[in-house]
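Using the hints, position chains B, C and D with the ligands against chain A.
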Amino acid sequence: MAKKIKSVEGVVIRFAGDSGDGMQLTGTRFSETTAIVGNDLSTLPDYPAEIRAPAGTLAGVSAFQLQFSARDIHTPGDQPDVLVAMNPASLKVHLPDLVPNGTIIVNSNTFSKKYLKLAGYESNPLEDESLKEYTLYSIEMSRLVENACRDLNLPAGTVGRTKNMFALGLCYWMYNQPLEPTIKWLKIKFSKKPNLVEANTRALHAGYAYGETERIFSTVYKVEAAKLAPGEYRNINGNYALSLGLLAASIKSNLPLFYGGYPITPASDILHKLASFRNFGVKTLQAEDEIAGISAAIGAAFAGNLAITATSGPGMALKSEALGLAVMAELPLVVINVQRGGPSTGLPTKTEQSDLFQAVMGRNGESPIPVIAPATPGDCFNVAYEACRIAIKYMTPVIVLSDGYLGNGSEPWLIPNINRLPEIKVNFVKLSKDTFMPYLRDETNLARNWAIPGTTGLEHRIGGLEKEDITGDISYDPENHQKMVQLRAQKVENVANEMEPTTVFGSENGDLLVLSWGSSEGACRTAVERVINYGKSVSHIHLRWVNPLPRDLGEILIRFKQILIPEINMGQLSKIIRAEYLVDAKGLNLVKGKPFRAGEIEKVITELIG
Amino acid sequence: MAKKIKSVEGVVIRFAGDSGDGMQLTGTRFSETTAIVGNDLSTLPDYPAEIRAPAGTLAGVSAFQLQFSARDIHTPGDQPDVLVAMNPASLKVHLPDLVPNGTIIVNSNTFSKKYLKLAGYESNPLEDESLKEYTLYSIEMSRLVENACRDLNLPAGTVGRTKNMFALGLCYWMYNQPLEPTIKWLKIKFSKKPNLVEANTRALHAGYAYGETERIFSTVYKVEAAKLAPGEYRNINGNYALSLGLLAASIKSNLPLFYGGYPITPASDILHKLASFRNFGVKTLQAEDEIAGISAAIGAAFAGNLAITATSGPGMALKSEALGLAVMAELPLVVINVQRGGPSTGLPTKTEQSDLFQAVMGRNGESPIPVIAPATPGDCFNVAYEACRIAIKYMTPVIVLSDGYLGNGSEPWLIPNINRLPEIKVNFVKLSKDTFMPYLRDETNLARNWAIPGTTGLEHRIGGLEKEDITGDISYDPENHQKMVQLRAQKVENVANEMEPTTVFGSENGDLLVLSWGSSEGACRTAVERVINYGKSVSHIHLRWVNPLPRDLGEILIRFKQILIPEINMGQLSKIIRAEYLVDAKGLNLVKGKPFRAGEIEKVITELIG
Amino acid sequence: MAKSELVKPQLLTRMDFVSDQTVRWCPGCGNYSILAQTQRKFPDFGISKENFVFVSGIGCSSRFPYYIDTYGFHTIHGRAPAIAAGVKLANPELSVWVVTGDGDALSIGGNHTIHLMRRNLDINLLMFNNRIYGLTKGQYSPTSELGKVTKSTPMGSLDRPFNPPALALGADATFVARTIDRETHHMQNMISRAYYHHGTSFLEIYQNCLIFNDGEFRFLTDKETRDDHVLILEHRKPMLFGKERNKGIHLDGNAPKVIELGDEWSKNDVLVHDERDWIIASILSHFTYRGDLPTPIGVLYAVDEPVYEDMLDDQIQKAMKFQGKGDFKKFVMSGSVWHVE
Amino acid sequence: MAKSELVKPQLLTRMDFVSDQTVRWCPGCGNYSILAQTQRKFPDFGISKENFVFVSGIGCSSRFPYYIDTYGFHTIHGRAPAIAAGVKLANPELSVWVVTGDGDALSIGGNHTIHLMRRNLDINLLMFNNRIYGLTKGQYSPTSELGKVTKSTPMGSLDRPFNPPALALGADATFVARTIDRETHHMQNMISRAYYHHGTSFLEIYQNCLIFNDGEFRFLTDKETRDDHVLILEHRKPMLFGKERNKGIHLDGNAPKVIELGDEWSKNDVLVHDERDWIIASILSHFTYRGDLPTPIGVLYAVDEPVYEDMLDDQIQKAMKFQGKGDFKKFVMSGSVWHVE
Ligand SMILES: Cc1ncc(C[n+]2csc(CCOP(=O)(O)OP(=O)(O)O)c2C)c(N)n1
Ligand SMILES: Cc1ncc(C[n+]2csc(CCOP(=O)(O)OP(=O)(O)O)c2C)c(N)n1
Ligand code: SF4
Ligand code: SF4
Ligand SMILES: [Mg+2]
Ligand SMILES: [Mg+2]
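Residue numbers (this note's numbering), protein chains in the order written: chain A, 489 to 1098; chain B, 489 to 1098; chain C, 440 to 780; chain D, 440 to 780.
Among the hints, a few may not be true.
To be verified - Pairs of lysine to aspartate or glutamate residues, derived as EDC-like cross-links and limited to a Cα-Cα distance of at most 20 Å, are as follows:
| # | chain 1 | residue 1 | chain 2 | residue 2 |
| --- | --- | --- | --- | --- |
| 1 | B | K602 | B | D616 |
| 2 | B | K715 | C | D666 |
| 3 | C | K696 | C | D661 |
| 4 | B | K1074 | A | E668 |
| 5 | C | K769 | B | E720 |
| 6 | A | K681 | A | E668 |
These are calculated hints, taken from the structure and not from any lab test.
Please read all numbers here as calculations on a predicted model, not as lab measurements.
Isolated chain A (complex conformation) (with noise of 0.2 Å):
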C-alpha cells in the first residue's frame, strides 16, 4: 500500500506498559529521533517509585509522553493524540487520558485472563465494546517479535523484552521518521552483546515493516521541523541541562567544581553527570548524608572551589541548619533541589513545586538566600550558571528549584557558545599593606572578602556566631546585630540589580496577568497564547528569580484587573505575592503530583475573565 502522508502540526504520543517494558527507553529514542529531525519537543517520563513492582499491576505501570511539533511547543502536552499500551494495566491507567476519538495500540498478547485480572478488567477491552469511540489497533507483538528472532537462538524473555522496539519501529513508521538513530544508538549500548543489537534492530525494523505491510493503518503522518533559532541542538533533559551548566561555571569563573552529595530521587543524576567530568577536574563526594553533602560544599567554597550541593525536599529539609551556616559565613554555594511531591517522603517520584516556602523562608533566624528557577529542561543550564555567578558575585549561597519534571523531561536544546557566556570573575583576596578585614563589603553590591586558605598572610576566622561589621570578630553587641541582619538581607536584595526589566507576554496592562515561575511556565504561556488567540486581554510574566522578587514587578501588577498564579503547590508565590504587594491574586494550585496541563489553566482564565 502506497503511504498516504498528511501533515498534522504536532502529535502527543504516551508510551506506557509495565516497569520492566522499557517504556522510559523507547520514548527517550522516540525523543532523540524527532528531535534530530528538527522537531521542537517536550517529554515527561512518569514512573512508579518501586523499582520493579510486580508484574502486570497497576501500580507497576511506567510512561513516557511526548509531543513534537512543527511550532515552538512549551509543554509535553495536555493529552495524548496516541496511546502505546503494552499491557492491560497500561491501559487502564492511562486511558482516560487519551483524546476523545484517539488512537490506541496495543500489544495484544499480553491481553491473557491473568492480566486482564491484575489489571481489574472484568472482560477484555479489546473484545468488549468499550474502546469502540477509539481508533484501536491490537497487534500480537511479543509473537511477532518472536517470529523476527526466532532463528537467533536466544532466550525467550530477552526476545520477548524486544517488544518495545516494536512498538518503536511502528511509530516511527506511522510518523514517518527515521530508524537509523535508533540503529545506531542499539550498536552502540550493546557493544559487547552483538546478538541484542540483532534482536533489537529486527523488532524495530518488525515494527516498521508491520506499519508498511499491514493494510490496517490509512494514513501515514508528518511532523515538519520547527523553526528553532539556528545553530547546533541536542536533545537534553534538565538534570543533564543543569549539571552542564554547573560544568560551564566551573570553566569560566576557573574554580574547581566540588560537588557534595547524598542520592536522593530525582536528583541523583546529578551527581552521577558531575562524577562522569573527572576529565574536567571536577570533584564529587557521594556523602554519608544530606548533611554530609552540604557540609562539604561549605569547606570546599571556604577552600575556594566552586561547591554544589543537589538534592531533593526531604534531604533540603536536612540541610537548613547548614545553610544558615553558609548565610552566617557568606560563602558562595549553589544549592539545587530539585522538587518531588510532598509533604515527607511523599510521592518521590513525581513532580512538584511546594518547596518554595521551605527555600525562602524555612530556616531558623533571620537568613536570606536568593532563590532562582528554570522554566524548562533547557533553561536548567542557564539557571545553573547563572546561580553561580551570582553566589560568587554576592558571596552567598543561592538556591535552585528545579523540579521532577524539569529534571526528566527533555527538549532540544540550542548548544551555546561557553564563549558568549557572562564572565564570572573571582576576586580572591590578595595580600596589601592593609590590614585584611574579612568582612569588608564590597560597596556596590555589599559581598565581602573571599580570602582562602593558603593565601600568605590573610589567615583569619570565620564562623556561625553572629561577626562583627568588618573585622568579622565574634560580636554579641545589640546594634552590630542589627546591622549585620540588615546588611545581609540588604545583599540579597541587591540581586535584583541583576535583573533584566520584566518582560510582559501579551499586553503590558488588561483583564487578567498570569504569574508563574520554575516549571510551570509552559503550561502557562500554551494557556495565555490560546487564550489571546480568543481575543482576550490576557498577558503572562514569568519569574526566573523567586528571592528577590524583580524591582519593576509591583508597578505591573497593579496594571492588570486581576492576577492568577497558578502553582503545582497550595498557593506560595500567590502568598509571597499578595505579602510583598497587596494584590489580590488568585492561586490555581493543583497537587497531583503532574505538570500543569496548558487547557487546567485555560479553563480558569477564561472562567476568571467571563
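Relative to chain A, chains B, C and D with the ligands alone:
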C-alpha cells in the same frame, strides 16, 4: 538614723558583674523575695555565651534585670532605676541603659588599674566627674565581706565570692525587703557546707547593716504589694512553667510523658526539669542529636505516649524533615522551640522571635502545623498544656514558639488548679466489628484514628509516603494526593474552632492597632496602656495562635486605620498578616538580641498617629 | 486492614503474618526470602501479633513492614533506630524490630545505629546488606568494596567500606550476628537468637540485589563455592569449614589464617568460637573483605549488659518509692509559695 | 586581623600561632594546655601558617580556631569532620585539623566522624574529651560513664558510654592515639605523630573541665596516682608502667591483665606493643572504662591505607589522560547533535 520610708510604685534594678560574680543568682534571690512580699515582677537575665569569659572583660559581663511593682506589670522595665555594678566592665557595659539621674552602686574594690584597663577606662569613673549626674554609692564590698568573715578561716576566694550577698543585703535594706527567704534558701543550698551558709549570711547581713548604719542613704523605698488575683503564687520562669504544663497534660490525659531531645541553649532546662520528674513516670531520653530526639518522640507517639521534644533554632532546622513525617503520619507531638538570636549559631544566649517563618513554612511539601506562642513566663504553662491538648485532639504535631527571654525570665505565677484545666480526652481505637481504617477521620475536626501497638486486631502500617484516604495504604493516585493535601490543611485550619473570640484591648476600632505575638505582648501592652492614658485611640491584640489565625481577625483588622506589628525579627508575622488580609501592616522590627522596651514601641506609635 | 478474627498466639501460622499488601520488590530479590523466614519464624515466639512492631527507614528493604501483618512504621531515611527507640521506651512490652538497608543503617543512619547499640535497648535490628543503594537505582553504599563502579562512581568508589560487625563491636554492641538471604534455616535461627537476646541485636543479612548488584554474594551461595567460603559459627565449637569440613581457622599470634587438617594440623589447632569473647568476635569481624579467609556467619558476639529501658524503669520505680508517686498539687505547692487574698 | 609582616616557615615561633583574640575559656580549663602545646609544636612542622586550617564544631573546645593564628572555621555542631573533608578535597595541599569535643564528635557528629575515618582523608582530628557537655553547662556526654549524675540525668545516666578508640578502630581508622591535657610533652609528640600520619588521625585528648566535671582524670594526672594508672605506649616496647615500671600487661589467652614483675613474672611475659596490630589496639582500647587496667596513652594504632583525596586525584589524572583534558565545546558537541539553519 531612723529610716525615712518613701513609697514608690515600682523599681527596676539591674545587677551586673563578672560571669563569676553570681549575678544571676543575686537577681533570682531578689526576685523571689519581692515575689513573696507580694509585688508583681518581671525579670530579664542576660549572660554571655561563654561559660566563664576572662575575668574583668566586657565580654564576661553577666547581668540580671528585674522590675518589681505594686501594679500589674508586663515587662522587666525599659531602663534600670538602679544599677548594681560589681566591677568596672559591668559599669561600662550597662551605664548607658540607666535612667537619667539613676542610682549606681559599685564595689569600689574592683576599680583597680588592671580592671579599669580591661574595661577600657582611661581614668577611674568613680573619681573623675563622669558619673556626676547619677547618685553614686561607691562601697568597698570586698573589704567589708572580708571583715565580716575574718574569723571563719575560709579561703580568701570563698569569702570574696560572698560579695554578691553583700550587694543583695544592701538592696534588701534599700527596698525594705526581708532577709529571711534568702537565709532559708542559703541553708538549703549549702546544707552540706555550713561554713558557706555562715559566710554568705554574714555578707548578706553586712550589706543590710551597711545601709542601716552608714549615713549615706537618706531614704528607704517601699513598694507595696501588688493587687494580684487571689490564690497561691510562686515565682516561675518560662522553661519551668512549660515543663509543668507538659506534666499537667500528661496527668490529665493519662498518657505517660515521653521526652526526646538534645541539649541546646536556651532550651536545655526543659530537659533538665522533665528529667527530674521521674516519680511522675516521666521518661526522658537525651538523644544523640535533635533528629534522634524528635524521631524517638515520633516513635513514642506512635506507641501511644504524650510525646515531646524541645530545642532552639538550629536544632529546629535539623528537625524539619522528621516534622514532615509527623505531619504525614498524623501523630500527636509537641515541638518546642525556645528561640534565640539567628541565623545559624547566631547569638545563642540572646532572645529573638525570628523562627516564626521556619515554624509555619520551613518544611518540604505542603506541611501545615499549628503554631502557638506563650506571652509571658507563666503563660508557658498554659500554652504547653494547650499544645498537648490540640496535638492529641487533632492528631497533629504542634509547634510552641517560646524564646530565650520567656524561658529564662520569671514572674509570679498563680498556681493553677489542675482539676480546673480543660479535659484532654484520648480515644485510642479499640477492636470492633468494622474493619479498622487508620486514616478514617473524625467528622468534625478531621483527626484520624489513633490505634497503638499492643492493641489486639488493629495491626496496621503507616509511613511517610502519601496515604490513601481512609485506608492509609500507600497511594500514588493524583486525585487522592490533592485530597489528602487539602484534608491535612483543613484539619489544621480547624484548630481555629478552638479559639475564643479575639479580645481587643482598648476600643474596638480606632487610629491604630498594635498586633503582637509571643513574648512581645508585655511591652506592647505597656506601650498601648501608656498612649491610651495620653488619650490616644490605640488598641492592642495579642495572638496566641499564629497558625492558624483566628477566624475573626480579618474583620477586626479592617476597623483600624493603621496596624503596627512589633516583632524581634524583620517582619515575619507582618508578612503573614499582609498576605492573608491584604492590609498594609507596618512592622517595628528590632533584632538586637533583647526584648522590646515599651518605650520603643510607644515612640513608634506616637510617630505613626502623629 | 486488620483481620477481626483473632487467633491465639500459640496457634499462629506463617499466614497470620502475611499482610494484605502486594509485595513490590523485583521478582527474584533476596528480600523475599528474608520476609518469608521472618513470617515463618514469628509464630514460634508465642506472642500475639499485636505486640510486634516493625520500624523501617527508606530503601527497598525498608518496605518490609508493609508486607508483614504486625504494627509497622515506614519512616524516613536513616532514622528507624531512633524512632524504634521511642516505640520501645514508650512501651517496653512490645517486641520491636528495625528493618534497614546498608545505606539506611550505615550511611545516613550510622549515628543512630551505633548509639542504639551502645544504649542497648532491647530492639532487634535486621540490616539487609546488598552493598548497594537499591531504591535510588544503584549508587554504591558504605559497604560496597573499594573501587566499586556504580552510577555515582563511574571510575570506582574511593571509600574504604565499613565492616558492619566490626563497627557494631566498636560501638559496644551486645549481639552481633550475620546470615545470608539464601540460608533459610540459618536465617530463622538467627532471627530467633536476635529475638531472645535481651539488648540490641544487630543481625546483618547478606541480600542479593539482582538489579543493581547481582552476584555480590554468589561465592557464598553457589553450591560449588559456598562450603569453601562460608564459616558457620557455633558457640564453643571449633571453626571448621570446607566441603569436607577439613579446613579450620588458626590463630598465628593474633593473625588468623586458614589451615587444612591433616598431617601438619589437627583439630586442636583450630580456634574454638566463644560468643562472649570480644576479641574473637573482633578477629572474626575482620574476615569480611579478605579473600584468604572465609566469611563467618552465625552469632559472632553475644553478651548480657544492662538494658536502657530496664534501667529507666528502675529509676522511675525508685523515684516513686523515695519521693512518693508524683502528686501534681503537692508538687507545685511545695517550695516558695505565697498566698494572695 | 592578619599580620602583614610575614615570617619564613622555618623561623616561626609559638607566638606566630597566637591570634589576636582573647581566649575565653574558664581560667584553669584543660583547653589552655592543648592550645599551648599546639602553638608550640606547629612551628616544628616547617610549613607556613597560611597552609594550616582549623575546622571546629560547637562546644567549648570548638572555640579553639579563634585562638590560633591560622585559617579557621568555627562551624556548626557536629559537622566539622564533613566540612573539613570539603576543605581538604578542595585543596589537598592544606594541613587540615579538626578540633572537636566528645559531644560534638561522638554525639551529634558521630556519623561524620566514623565516615571520615573510613574514607581516610588526610585530616587530623583532635577530640577534647572532657566527658561532659561544657558549653551547654553540664549535661552528660556519650563518653560519660554509666550512671553519671548531671543536669540532664539527676538520677544517673543510662547509656553505656562509647569507648572512642574502640569506635575508631571499628570504623577502620588508620591512626588512633590518646593523650592527656596535663602531659604537655607527650601531647606535643602525639600532635606531631598525627601531623605526619598520612590518612585520618584520630587523637583523643583527655581534658579536664573544671566547672562541670572537675577531676574526671585526676587519677591520671595526680603525681601520686598517675604512674600506676597511665600506660605509656611505645612501638615495639613492652607495656610497662608503675612508679618503678615494675608492672606490665600480660595476655591471658585474649584477656589482658596486670602482672607485677618479680618472682612469678618476668619482662618476657609482658605484651609488646605493635602499633600496626589491629587486635592489640582493640585489646588496648578496651582498657578504657575498666578499673583493673591502666589507661593507655600514646599511639594505639597506625597503619598506611589508601587515602581518599589521593585516589580522587588519581582518577582525575587518569580521566584526563585517557579521555583527554575536558574541552567543553567538544564535549557538548559530541553525540546526537543536529544543526538547524
Ligand atoms: C533524606 C533522604 N535522603 C535520601 C533519600 C533517597 N534514598 C532513598 S533509599 C536510599 C538508599 C537506599 O539504600 P539502602 O539503605 O541500602 O536500601 P536498599 O534500597 O538497598 O534496600 C536513598 C539514598 C531519601 N529518601 N531521604
Ligand atoms: C544543632 C545544635 N544542637 C545543639 C547545640 C548546643 N550545643 C552546643 S555545644 C554542645 C555540646 C558540647 O559538648 P562537647 O562537644 O563535649 O564540647 P565541650 O563544650 O565539652 O568542649 C551542645 C549540645 C548546638 N549549638 N547546635
Ligand atoms: S532494586 Fe534490588 S534490592 Fe531493590 S527490590 Fe529490586 S532486586 Fe531487591
Ligand atoms: S566549661 Fe569546662 S570545658 Fe568549658 S571552658 Fe569552662 S572549664 Fe573548659
Ligand atoms: Mg542496600
Ligand atoms: Mg565535652
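Verification of the hints:
no.: 1; hint: B:K602 / B:D616; result: holds, 17 Å
no.: 2; hint: B:K715 / C:D666; result: violated, 87 Å
no.: 3; hint: C:K696 / C:D661; result: violated, 23 Å
no.: 4; hint: B:K1074 / A:E668; result: violated, 66 Å
no.: 5; hint: C:K769 / B:E720; result: holds, 12 Å
no.: 6; hint: A:K681 / A:E668; result: holds, 19 Å
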